[in-house]
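J.: Taken in sequence, the protein lines are chains A and B. Counting from 1, one number per residue, gives the positions in the first sequence under the UniProt record's numbering. Counting from 1, one number per residue, gives the positions in the second sequence under the UniProt record's numbering.
Don't read these hints as lab results, they were simulated from the structure. Note that beta-carbon positions come from the ideal geometry of N, C-alpha and C, so glycine has one too. Relax, there's no trap hidden among the hints.
Derived, one-sided and incomplete: chain A residues facing chain B with beta-carbon distance under 10 angstroms: (1) A11; (2) Y25; (3) S30; (4) E202; (5) V252; (6) T283; (7) G508; (8) L681.
According to the in silico footprint, chain A covers these stretches of chain B (three or more CB under 8 angstroms from chain A): (9) 44-53; (10) 65-77; (11) 87-95; (12) 119-129.
Chain by chain, the residues run as shown.
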Amino acid sequence: MGVEGIGARVARKEDKRFLTGKGRYTDDMSVPGMKYAIFVRSPYAHAKIRSIDAAAAKAMPGVIGVLDGKQLLADGIGNLICGWMIHSKDGSPMKMGAWRPLAHETVRYVGDAVAIVVADSVAEAKDAAEAVVVDYEELPVVTDATKALEQGQPQLHPEAPNNLIFDWQIGDPAATDKAIAAAAHVTEITIHNNRLSPNPMEPRATLGIYDGGDDHYTCYTTSQNPHVARLVMSAFYNVAPENKLRVIAPDVGGGFGSKIYIYPEEIVCLWASKRTGVPVKWTSDRTEAFLTDAHGRDHLSKVKMAFDANNRIIGLKVDTVANLGAYMSLFSSAVPTYLYATLLSGQYDIPAIHANVRTVYTNTAPVDAYRGAGRPEATYLLERTMETAARELGVSPAELRRINFIRTFPHQTPVIMNYDAGDYDASLDAAMKAADWNGFAARKAEAAGRGMKRGIGMSCYIEACGIAPSAAVGSLGAGVGLWESAEVRVNAVGTIEVLTGSHSHGQGHETTFAQLVADRFGVPIDSVNIVHGDTDKVQMGMGTYGSRSGAVGMSAVVKALDKVEAKAKKIAAHLMEADESDIVIENGELKVAGTDKTVPWFQMALAAYTAHNLPPGMEPGLKEGAFYDPANFTFPAGCYICEVEVDPETGVTKIIQFVAADDFGNIINPMIVEGQVHGGLAQGIGQALLENVHYDPENGQLLTASYMDYAMPRADDLPSFKVSTSNTPCPNNPLGIKGCGEAGAIGSPPALINAITDAIGNNRLTMPATPQKVWAAAHAAN
Amino acid sequence: MAKITMTVNGRQVSGQCDDRTLLVHFIRENLGLTGTHVGCDTSQCGTCVVHMDGKSVKSCSTLAAQAAGSDITTIEGLAANGELHPVQAAFKANHGLQCGFCTPGMVMTAVDMIRRHGGQLDEATVRAELEGNICRCTGYHNIVKSILAAAAEMGGARVAAE
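Excised from the complex, chain B in its bound form (with noise of 0.2 angstroms):
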């Protein structure tokens, strides 16, 4: 067992856990923030994607333990006083989500893609940095373009393709 303090969502927490498990699962069962979700046992869907000092990562393929000291953020600490992040907000306006599994890993990944790459985001940019988020319901269309609004409206990223 392992004893881990870490900073999730700008508040210090601490929790006992299997040194085998995973952060995903030391956010949903130990911290009970469901909202990171868990969609394939390869590392390949993105559904657990959180951020690590800042950068996104995986949190299924990342230990509890691996993430102790760090600041982490999960979907629930990206709005903040009651209002949505732009990225979030631009998922709504654009019908970016349908069954909204998918959409924590999607928005996460997101921010740090616009952080990243600010008002360089094009179509095909957004499409190859997706590469590791899978969405079935929505053919990927309403989520490109609810990043590159995001980006728009963050930075100046080029217009959102129709």
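Extracted from the complex, chain A is given alone in its bound form (with noise of 0.2 angstroms):
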């Protein structure tokens, strides 16, 4: 693997401009006139707008302009779009109600945006923005999702009657009702998947700039995928023509899904840079956040499980209800459905599956993908169904799941996927040793000698990364393909750029990609540099999101190195007068196998520019690109274990361990895999103890808007990790990657309230769990 190569724990190379304080987000942009954006938002859940009076505004100090959506809509710019088509079980189309960058007629959540004030300076824009005097006529409101599709709720969109979205549905139902039938044991359980904000500490920016001279715009986002942004802007919200539009997400602090989509802000900023002349600049802050970043999760689902009389499942039947908030965001279609429901097979052989999934609008935030996407959510609903079942079975949680574990592959599930690789013992092998399960026991007792309640919770997940391929996520509705592109440039004095239409926002890409051509070539990495995030650099592509860059994104890059080690090799065979065939590269250098002929990288490189001495027909200069379409997802799996300690006089739980056992095929660095699993595991830990988005449910109030009142995980809420893996590569890419971003969320959290229910000894216990929840939870009757 050589000290930077393939499998290498190699430092950042990116580091050191963002230890330094030299990152270059999109809020540290600053050009030539540039000028200053705040959004005037609706203080109501739902309600229509009479009137848009900003005369007082206008006349205010350093104010450039202030437009509403009349404007915008009179300007041609577009509706916000869903990308993913669903159809009902009826055949008819899921039920998309309009989202206008700026609402004009109807707002249905706190934060939908109705003006832009630009000003001089973010005070004037602020003060600007409090005088914008809106008229609203105000609405009756919903925000629970199960609520809204009863008789004589609020309407928010006039196309799905009961706010129903979709009424979708997977598997086999007679099959499942069958099992369910003839089970010798059902495990009846509801499950609550809460609210989440996905908090990225950088928060959303755009700045938005004009030039008339070339009628070309540029948009600078914090974006986690800048070409589909582009794309989307163009094709749909007529922005621009994508010639006249370029796209650039510089340094982007955290995404976690919530900055995949396209929101207003960037719409908005640059129609009224052309409107009014000037660079703008929006930048959101924490408030607005919380208010328009779309949140994840927040499902409720009704499971049956049915087992055999050798506790073996032989059903499973799921209801859900998702509520996707006001609007349907860019993919939250796809959330609740293919990579939610597809995942219900989880690690285990399961005959028969049937999943129905309602989906609703409701005057809340839009939901879409947060870290995991559907994924935590089968997980959460798998994983608390099967301890709820081995209670009731009286086998063991670790029994429960070897009996039902998928041991051949591949292995079709009734819902789609086909996994292609995995071996579920070894990771529950590796987790249960990690976490001396076996003397769990003796750890109960000496925690109740004290007074506490010790318990021990596991999960086994399974999850889809790298979502493809094309074709088949075509036929599935979405409006894109999910290939991904690469082109490797070797400069004439042998350094390498590799451009990749995969985006970085803490991954470590620069790092990364570059041990890939490390490893093939022997140069060391500080000679490679990693482009990406700019529209007008790199061709196309389809961003980072899904756990995709490694499997999908380096594997486009593998492809351009085959190309451009096929064409370096026959340079050097001719500047040696040797059969391409025996060429080697190693260490820097083309050396003819066997021999003590070599060349080195770069004077090879600098022949291929010179062009003195070519093979004949062959072309000058060494760059190569490809596009990379998988031929299936790739399935990580583990086995995740907490072990708790709950004080039954407060109901504070203490996490005394946390062991993730993961399977991500093979690994490129693992210093930062290990670093992507601590940080997933603090999410899903977030998510299991601490966070929770709260509307006010009687007039739509975001009452958690702020780090005061949603409660991120802190350093002293967490403990250190237990992380290793144990791995079966992917058969189906060159590199056997499965990835490895979402994994710890997903897998977390029914680990821990799988543990905290064991160690108070009831089974009812929804997220977060609080201390006010387990202490009244501990003190029922189960």
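Each of the two chains sits in its own frame; use the hints to bring them together as a complex.
T.: In structure tokens:
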């Protein structure tokens, strides 16, 4: 592997700039003449807009302009869209209500944007925004998805009677019902998956620059996928044609899904830049982020799991209601369907599954993918159900899982997925050993002696990453392909640029992608630059989400490297008068195998560009591109174990240990993989113990709109983690990679809740398990 | 408007700003030092931490005018002669950062923490001291490890937790 190649624990190339304050985030960007935007937002969760009077605001100091939704409409800027078509089980298409970038008739959640104020300074823009008078006629409000489906509730969109967006199903209902009827035991449970706010530490921001000379737009934005942003803004929102729109996502301070989507602010700032004639920058404050960044989760599910007399699962029936908020965000429809219900087989051989999913509009912020996106919901549901079943059946949780593990691959589930490789016993064994599962009884007794309740819980998760292939996802309704692009440019002096359509916002691409090159050619990673995040530099790409950068993005790089290697060998063979099949590349040199003939890498590169002595007919230069469309998803899996101690007097839960044993396939940089797991675990533990987006059900006001009210995990809420991997390579991509970005957030919540419910002896507990809830559950009868 | 003079990263600077201007905005907008970040509105997240007369402060809850005459160090002023400060080096060696947004505040907090505690730092103390700094990427595991490693490097703290 070499010291910097595949598998090496290389420190990150990008760290120096972040550690010295030289990171370049969107809000750090400044251009001549730049002005500042503040959005006027609805204080009501549901209201008609009678009128907007901006006269006083326009007269205030420093104000350049105040623009509203009627002007936006008049200029032909289109509606925001959901890019994944789902059909209800009756065949009808999903009911997509209009989402205007600036509402001009109706506002549907607190924070819905109605106008933009552009001024010389942020402070002046804020002052003027206060002076914009919007006359609202309040309408009744509904925030709960189940309630919103009932007759007589407030209606959000005329297209969607009873707020139902779609009523979708997957699997075989008849076979599943039959299995349940024939079961020796049926475990029934209601599962609530709480609503979360992603909270990347960098708030969203955008800088829109219109250049009247060329009729050209530049958009700096906090995006995980700038090319998709350009495509959508061009093709659907009529901002500008693609050749007149450059989108740059520079350093981006975390995403976790929330920066996949194209939000109103990017569109409106670009449009406002043309309207006002000045570059317009907007930076979200944290309260705006809580109000308007797409939220995650918010499912309520009823589950029936059927077992035969040997404790084998024979059927699983799930009925889910998913809250999508006030509008359908870009991939919101895919999350509670193809990213969720297709994972309901988990690690288990289940012959019959049926899931029904209804998605619903409510007067809350749009809900879309958040780290894991559907897979945490599936995993929490399954692993809480398995734990509950184990308790009901009187079987140990590990034993019940082992009885039902899939052990032969490939394995076709009843819900589309075809698992390609895995070893679920291996991760379960590794986790139980690391957690000293067998020593738990003694630790529990010791804790009881101190008056504390100790519990242990596990979770065996599977996820699907690198969602693909494009033709398959297209047939399921995706509006885009899910391939990736790469270009490898070898400069005349032998240094290398790798252009990727993948995007790094914390994942460390500048290091790991360079490791692929170092591994292949034996050149130092410092001679390799990774270029990403700019539509003028990288032609096209699909960005980073769903743990796809390794499995899909790196595979595209490998394909491009294959082509570069082939041409480099031809050049070297010609220079050394050898056969190209005899050329090997090692330690930055091209050698004729079995001889002492060598050409240094840089000399081969120079020869490609001087073109004085190339093989007959060969084009000069050394630059190759590739597109890679995977043959299948990848299927990371693992086992997580959590041990807790609950103080029965206070309900406070302390995490004693958290163990993660993952199967990620082959690993490029273990240090970075461990970091991804740590971060995912913290978010999953945050969901289980601390975090919850709470709307006032009476008026739709967001009650958790700051870090004073929304409990972000802090350092002293968390333990140090014990992480390990036991890997089975993925057979479907050239590197054998599965992906590691979301696993921690997917597998951890059920392990924690299983541990707490084990400790307190009461299975009725919802997330987040706050001290108040845990205390109440500990003191209630089961 | 106020005219303010202070020392920032060893250099005397002056600037005009609104009375209501926060120190973080003065540093970012007037001085162009964008390494100090704003991550919340409620003085909770700590991405804005700088040193004022040697002590860590949240520059989002300090008026620029309050800092007049003081000696400010920002993340840009920490590395000397092109060499990373031991805390910066420890964050790099231990993968104590991912997206980098909270990192300047984390590093400035850590430098002050190590100055105050020296060899007495242990994991529980580091976690308690990080109460005012939020990271969403790392789960804090490698931040804690980085700070303990830096403390050991700088003055003999207990061995970092693995």
